[in-house]
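Go ahead and model the full structure; you've got the sequences and the hints to work with.
Chains as they are written, first to last, in the numbering used here: chain W, 17 to 248; chain D, -15 to 280; chain L, 5 to 249.
Think of the hints as simulated: they come from the structure by calculation, not from any bench. Accuracy of the hints is not assured; some may be wrong.
What the hints assert, rightly or not - A few chain L residues that face chain D, going by a derived Cβ cut-off under 7 Å, partial list only:
id : residue
1  : Ala126
2  : Ala129
3  : Thr133
4  : Pro144
5  : Leu145
6  : Leu147
7  : Gly208
8  : Gly221
9  : Val222
Idealized CB from N, CA, C, for every residue including glycine.
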Amino acid sequence: MTWLWSNLDLVWLRTLDHIVLSLPPILLSFVFALPLGWLANRYRPTRGAILSIAGLFYAIPSLPLLFILPVIIGTSLRSPANLIAALTLYGLALMVRVVADGLASVDPDVRQSATAVGFSAWSRFWLVELPLAGPVLLAGVRVVAVSTVSLATVGAVIGAKSLGSLFTDGFQRGIQVEIITGIVATVLLALVLDGAVVLLGRVLMPWTRRTRRIRPAPAAVLGPMPVVRSVA
Amino acid sequence: MIEFRSVTKEFPDGTLAVDDFSLTVPSHRTTVLVGSSGSGKTTLLRMINRMVDPTSGTIEIDGVSVASLEPVKLRRSIGYVMQNSGLLPHRTVVDNVATVPLLRGVPRRTARADALRLLDTVGLDRAIADRYPSQLSGGQQQRVGVARGLAVDPNILLMDEPFGAVDPIVRAELQQELIRLQHELGKTVVFVTHDIDEAFLLGDQIAILREGGRIAQLGTPAEILANPADDFVASFVGADRGKRALHVESQDGSDVLVDSDGRPAGVLVGQRSGAGPSGGARSDVPHIVPTEGPPR
Amino acid sequence: MNYFTDAVAWLLDPAHYPGPTGIPARLGEQLLFTVVTLVLASVIAIPVGFLIGHTGRGRGIAVATSGGLRAIPTLGLLTLVALWIGIGLGAPYVALTVLAIPPILAGAYTGFEAVNRATIDAARAVGMTELQIVRHVEIPLGLPLLIGGLRSATLQVVATATLAAYVADFGLGRFLFAGLKTNDYAQMLGGSILVILLALVLEGLFAGLQKLVVPRGVAVGRPPVDRKASTRRRPGMEPAITKGI
Ligand SMILES: Nc1ncnc2c1ncn2[C@@H]1O[C@H](COP(=O)(O)OP(=O)(O)O)[C@@H](O)[C@H]1O
Ligand SMILES: [Mg+2]
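Dropping the structure here:
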């Protein structure tokens, strides 16, 4: 315990590092997933291809990916950018399917009546389909948020600083408390981000507040992965 | 004979589904329990094969209390047909029909041959024997369900709204089929429905139920139609709206029975010589040939 | 691009094949480790999952514990257990068995829960015993989801086993860490390629297996119409798949 009290500032620094590493992938994967998920949902033939590729990316173990990415996209092995790119890929692989499923879940009657009253395809997507797919997307973003925070720790073994550094450092120096602190801090950060996503969802989707079906328990606890992945 | 004696069922959550219910179900007849949703019909039916055990009271089959029988054995001796057929989706039609005989240890070949014969009995083509339930129409699925219910040649057949989920035309077909079957087999049938027309069509004895399985009236269709016990029964059978106040109208030389809305309910035949398509029926008593589906 | 050529050269170099630190030996270690871990986790998770799925009891606890386990960063658990029981294979076995339990458990009970209520009800009504219902109805119909659970557990284990080379001298991960230490990029990259290939092969195998175990009657014809009303499915109970390391 004494380690913790004398190293609070270190823990705080690593937490900040961790946030810097985790937030961009969560945001970026959502942004990139929108057009890809839309494409997968809109055109049947693309669906299989896009989702299969996403499934394959998802299956790639993270450590090897961290080694390979620099060769492919030119990031430097130990840089935050390398880790962010890898985490974005995973988030994207997951979110593409979520977006496709979420858009597919929109009641076709609603879509048709929107068309009937004169929405263009573009405005219908932004004003009707996307909001209605919202709850599914939200569930997906929660899973991405939690798993990104957890995954970001892996970078520590190649020297990218994060809460995971507390694991490697604690392991090498034999300080149990340091590792436990790292685990607790990672889980807490995941919970906080998850809660923030839920709150954001409530603000953005006020109509879901009353009739919410998805219980507001943290995704870290429920672990609701809204889709069963398959590389069909 | 099945006898309910002061049967009460209160579910753990406090719902009083059946309150002091007594009824004698005669053998080789069809008894219909009819009532609106939630009146306790399913609960009553399931107490016969111990899918549900009563809180108090007894149910006897030919003088033996079902409580003294082992549930699994009891269920294997009673046919049960339910609304959405309840077929096993991963087994073919013939395997579904043979389910219980196989469980009872009947050799595969025998069970299969018996199952194929049962398909004939319920009016199904043997060609569908190796299909899966999801490849059948709703009506076909229900027929398979009936065949499965008959597979152990039970004395008792419990049917819980078996035709509730099929479209009216298929339902009418299945109803006629059941009448024919029952004519041949003479099982003790307990049939649950919320459709009063179905009850009148199929039942030898009808119990009209209110909330909590309270019997509003018990009798034959004719008795109930002629003398509704109270306003509840009257409104349930539609007598108050004059729905069943039929009168005869002459149309193209034959007599058509018409209800108060002017919808045809049947054709009167046998009264006048040669009138109508079934003029061959040499009966002095007029009888009614129902038109397609009862006017509801 | 010459990084890749180096990596391929490294992979093809016969010098990297013989002996206990050669590619085949390391691959074998990783596979053996993965299989043993999955068996251990399955022995615990499958019976418990079936029990939960069949009785519908204890689901809340299972969801909470497996969710909690899932939120724990793998590297943290791995290093912590390694500090406790020392460097070697023990720590990875313990940590990875623990990590593999949640997806398998979830696959087992969601498989059961996804079976149509009415089907089970009907099976009981025609006189199946509870064990017969489990054997003839719930297991065959729930198998695809169970295999799905095993699939994500496998991915997770095979990936994390790579990371486990950080605390134990075994598996393909050694090439990654050894290469990292000596700045031998060819070795790092070659090892990475091996791990990725292994993961993709396993993924493909499971994808095929998962299709294979879908009962024919379920795969053919129309899908069940009334999924929401007629099953025990509840929100948030799909087998959660979280990214392996
Ligand atoms: N397992 C149960 N637990 C609690 N209440 C039940 C259960 N089964 C049925 N009920 C309640 O008992 C009443 C009668 O149900 P049921 O016998 O299914 O009626 P019916 O078949 O006539 O629609 C209803 O109010 C129903 O909600
Ligand atoms: Mg009912």
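Structure-based check of each hint:
no. : hint   : in the structure
1   : Ala126 : holds, 2 Å
2   : Ala129 : holds, 4 Å
3   : Thr133 : holds, 5 Å
4   : Pro144 : holds, 5 Å
5   : Leu145 : holds, 6 Å
6   : Leu147 : violated, 9 Å
7   : Gly208 : violated, 25 Å
8   : Gly221 : holds, 3 Å
9   : Val222 : holds, 5 Å
In summary, the structure is inconsistent with hints 6, 7 from the numbered list given earlier, while agreeing with the others.
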